[in-house]
Amino acid sequence: MSPDKLRFGDFLLDPARREISRAGEALRLPPKAFDCLAYLVEHRARAVGRDELIAAVWGRTEIDDNLLDQAITRVRRVLGDNDETRRMLRTVPRFGYAWAAPTQVVDAPPDDAAPATAPVPAALDPEPASPAAPPRRAARLPWRVAVLVAAAALAALAWRFWPAPKPAAGVAATSGIGLVLPLSIAADESYAWARLGVMDLVAERLRAAGQAIVPSDNVVALARELDGRAPDAAQLRALADAAGAGLVIAAKGELTAGYWRVSLHGVHGRDPAPHAEAESQDLMDAARAAADRFAVQLGRTPPPRNDQLAPRERALAGVLAQSEAALLADQLAASRALLESLDPDQRALPEVRYRLARLDFRAGKLDASETAYQALLAETSTEEPQFRARLYNALGNIALRRDDYVLSASRSDAAIAALGDGAPSLELGRAYTGRAIARSAASQFDAALPDFARARAVLESVGDRLGLARVDANLGILDARRDRYAEALPVLDRAAEGLASFHDLTSEVFVRVAAAGSRLLLLQPAAALADERRLAELVEREPNPQWKRYANLARSEVLAANGRLADARRVLDEAVADARAGKDESLLASMRVVAARRALAAGRYDEAAREAAAVVASPWNAESPREYASLWLTLVRAQAGTGDAKAAAATAKAADAWARGNDSPAARLYAGLVAAESSAAAQENHSARAAFEDALAQAEAARVPDDVLTVSVAYTNWLIAQGDLARATTVAARTAGWAETSYDAALLQVRLYAALDQRTPWQNALARAGRLAGERELPPALVPTDAAPEATAARP
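Quick note: the sequence shown uses full-length UniProt numbering, first residue 1, plus one each step.
Treat each hint with caution, since some may be false.
Stated by the list, open to error - Mimicking DMTMM-like on lysine to aspartate or glutamate, the simulated pairs with C-alpha atoms at most 25 Å apart in a straight line are:
| # | residue 1 | residue 2 |
| --- | --- | --- |
| 1 | Lys583 | Glu607 |
| 2 | Lys548 | Glu497 |
| 3 | Lys548 | Glu225 |
| 4 | Lys583 | Glu627 |
| 5 | Lys252 | Glu189 |
| 6 | Lys252 | Glu279 |
| 7 | Lys548 | Asp606 |
| 8 | Lys252 | Glu277 |
| 9 | Lys365 | Glu379 |
Unchecked claim - FRET-style restraints, in silico, Cβ to Cβ:
| # | residue 1 | residue 2 | range |
| --- | --- | --- | --- |
| 10 | Thr256 | Arg402 | 48 to 56 Å |
| 11 | Arg580 | Ala273 | 55 to 63 Å |
| 12 | Ala602 | Gly582 | 26 to 34 Å |
| 13 | Ala238 | Lys583 | 42 to 50 Å |
| 14 | Lys653 | Asp404 | 53 to 61 Å |
| 15 | Lys583 | Asp757 | 26 to 34 Å |
| 16 | Ala617 | Arg347 | 50 to 58 Å |
| 17 | Gln297 | Glu383 | 26 to 34 Å |
| 18 | Thr256 | Ala378 | 45 to 53 Å |
| 19 | Arg87 | Ala697 | 28 to 36 Å |
| 20 | Glu383 | Arg541 | 40 to 48 Å |
| 21 | Ser410 | Arg541 | 47 to 55 Å |
| 22 | Leu407 | Gly582 | 43 to 51 Å |
Hints were generated in silico from the structure; no laboratory data involved.
Predicted model, so just to flag it, every value in this text is computed and none were measured.
Cβ atoms here follow ideal geometry from the backbone N, Cα and C, with glycine treated the same way.
The task is simple: from the sequences and hints, build the whole structure.
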């Protein structure tokens, strides 16, 4: 969304602040309608298709068209763009819409153009929530750990200890979001804190004047690779692009003859570049004065400032700034030591108590942190909505850590209610994000999606690109949890790139693992392998041993899917050894499932049955219903391989009971496939055929390629054994399109043409499977005696 103000007719649209006014009078527009209007005006040079507009505003394409029609109707009603005139928003038949009104970009409106009161932001019309799905048992990984990472991300959103003063009403505003760089300072080591402390103070003052500013934690993450050096022109462009900033501000501090001079200068995005400076014997006072003068240069009105601070208050402000700088630099012990150096009266102040409670949370002291937050909440007036919202959000984060999703969501509700109809803020974005994560973790997917969308809109408007990347990560994981892997992939890829640019490597690990799993289920193993290299790099840099093991398990699966069996075995063996040393029983169980599946593929049926049965008998908390379903399938196939039809029948019965207690379509699908294979093992051909047909219908309805292939391979093999080559040909044809990328799909075509004894397509299919085999050996029975050597050789 463009940060520029845009004028058309009597209307003024401010996308960055999510405001629209007419002749200075604020207008109210629901969020989705506002987003539609902003997108159409931004892309006014061309017509916009309905599908494109839906994807841009709702973040997905499978919504009801009526929602878009309603949003467009609201836009036209606010603009007075009725059926007779349609002078602004034109309908393009059988395509979409086009913006037709002459539109002007407004850099800095004249002073007399400012409204008498601050414009009202677009109204937040609540969207109807779908009934909540019954909660399932807590998932292990990646969903459970993704929730923990999300909780850490939410904690990061709360880096500022105290709400900034409200922006002055009626301020003439310049367009765009600003980014303040760390202070460049030549001073002794005692002022090392000032790099981030002054940066944060300047950002806070500009934000208080009404200028949208990139959050300080975003800047710290983006500037990490600069290592204190001033960025060059290319680096400035990269920083601005990554943060979505239209103005980059350099800050410099110099001490001369006992006076500090702080200068602020626009180094990217404005011509002529704004500049301001100020002097004072106190560094922070000089920074405040320079920030306020810079705000005036931007057409803003700075908030009131008390220059007559008593020495005690001045010292307190300095300690708080140093503590905040230490926290931004992840120096938690130093941040706490500074706060604890204060006297008892100062430590009793709300802003100090909040900071100490936040440090307790970061240290994992949830009880102490919750007690402190609750006490602060009880003392805080409703006249301080931002701080009350911050406390509710913090308490919701604690509930999220404890897996109490109902309580977490209710505390987010309270934060949203405390903020009322206020302007978009970091706290509002954090509240929507927290509620969305809680609902997603409780499998209330339909209720979570609107909150993620609202969070995206708010975080974009306040310039929090890191927060946006984390929301995208959760949206992608949510789509994957709903088996919508094709929709999840572009969102996950975008999130991974964003997280990488901000050096949020742990979150990136989980996003790339989810993306790898999605690619495998979409039968894109080569694409998953390309991303495995980055995942291997992240594993080397990940400090948490449990998460390293989790990522390595995913890497092993990707390597195996590409026929790199030795590498897959090496990575898995290392993860198993580490899991045993760390007594990670849950991950060890997952690894036993993988080992059982690979033993089955190698024809070691007794070993596969033994491993799978052991996991079934254990209290294993699987990553997802799909993972547990694969365990049932491995077990029944291993039992059938040993000739134990009675054990296979018992497994089918147990799998059916498990699926009936699970609301996952994948659970029902695989329980049906287990029943089919059990019937086949018992030579109950009529029951087997009916069960295979039902499983195939379920797979095709769900449209997950790996599911369709899994059922098709099993059913085709059975049909060939029954001599029903006509039906086998029809079933196998469903997967022929994947034979160029998937070894299992290619091998199925080999089996079919071998059964049909069609030599030319048999040879072609064999050559294709050989190219995809890697270190896998093609079954000798499928190789014709006159096959060319290059058609049968597995590729290393």
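Do the hints match the structure? See the list:
1. Simply put, Lys583 and Glu607 have alpha-carbon atoms about 23 Å apart, close enough for the 25 Å limit, and the pair holds.
2. Of the pairs offered as hints, the one joining Lys548 and Glu497 holds, with about 20 Å between alpha carbons and a cut-off of 25 Å not exceeded.
3. A C-alpha spacing of about 24 Å is found between Lys548 and Glu225, which places the hinted pair at or below 25 Å, so the restraint holds.
4. Between Lys583 and Glu627 the CA atoms are separated by roughly 21 Å; this keeps the pair inside 25 Å, and the hint holds.
5. For the hint pairing Lys252 with Glu189, the CA-to-CA distance comes to about 16 Å; that is within 25 Å, so the pair holds.
6. At roughly 12 Å between alpha-carbon atoms, Lys252 and Glu279 fall within 25 Å of each other, so this suggested pair holds.
7. Note on Lys548 and Asp606: the hinted pairing is violated, with a Cα-Cα distance of about 31 Å set against a maximum of 25 Å.
8. Restraint check: the Cα-Cα separation between Lys252 and Glu277 comes to about 9 Å, which is no more than 25 Å; the hinted pair holds.
9. For the proposed pair Lys365 and Glu379, the alpha carbon gap of about 22 Å is at most 25 Å, so the pair holds.
10. At roughly 53 Å, the beta-carbon separation of Thr256 and Arg402 lies within the given 48 to 56 Å, and the hint holds.
11. Restraint check, Arg580 to Ala273: a C-beta distance of roughly 60 Å satisfies the suggested window 55 to 63 Å.
12. At roughly 28 Å, the beta-carbon separation of Ala602 and Gly582 lies within the given 26 to 34 Å, and the hint holds.
13. Look at Ala238 against Lys583: about 44 Å separates their beta carbons, and that is inside 42 to 50 Å.
14. About 36 Å separates the C-beta atoms of Lys653 and Asp404, a value inconsistent with the hinted range of 53 to 61 Å.
15. Checking the proposed 26 to 34 Å range against Lys583 and Asp757 shows it is violated: the Cβ atoms sit about 55 Å from each other.
16. The supplied range of 50 to 58 Å is met by Ala617 and Arg347, whose beta-carbon atoms lie about 54 Å from each other.
17. Range check, Gln297 to Glu383: Cβ separation about 32 Å, and the 26 to 34 Å hint holds.
18. The beta-carbon spacing between Thr256 and Ala378, approximately 48 Å, falls within the hinted interval of 45 to 53 Å.
19. The beta-carbon spacing between Arg87 and Ala697, approximately 52 Å, falls outside the hinted interval of 28 to 36 Å.
20. The hint said 40 to 48 Å for the Cβ distance between Glu383 and Arg541, and at roughly 46 Å that hint holds.
21. One distance hint, 47 to 55 Å for the beta-carbon pair Ser410 and Arg541, is violated here, with the actual separation near 37 Å.
22. Taking 43 to 51 Å as the suggested C-beta distance range, the pair Leu407 and Gly582 does not conform, at roughly 30 Å.
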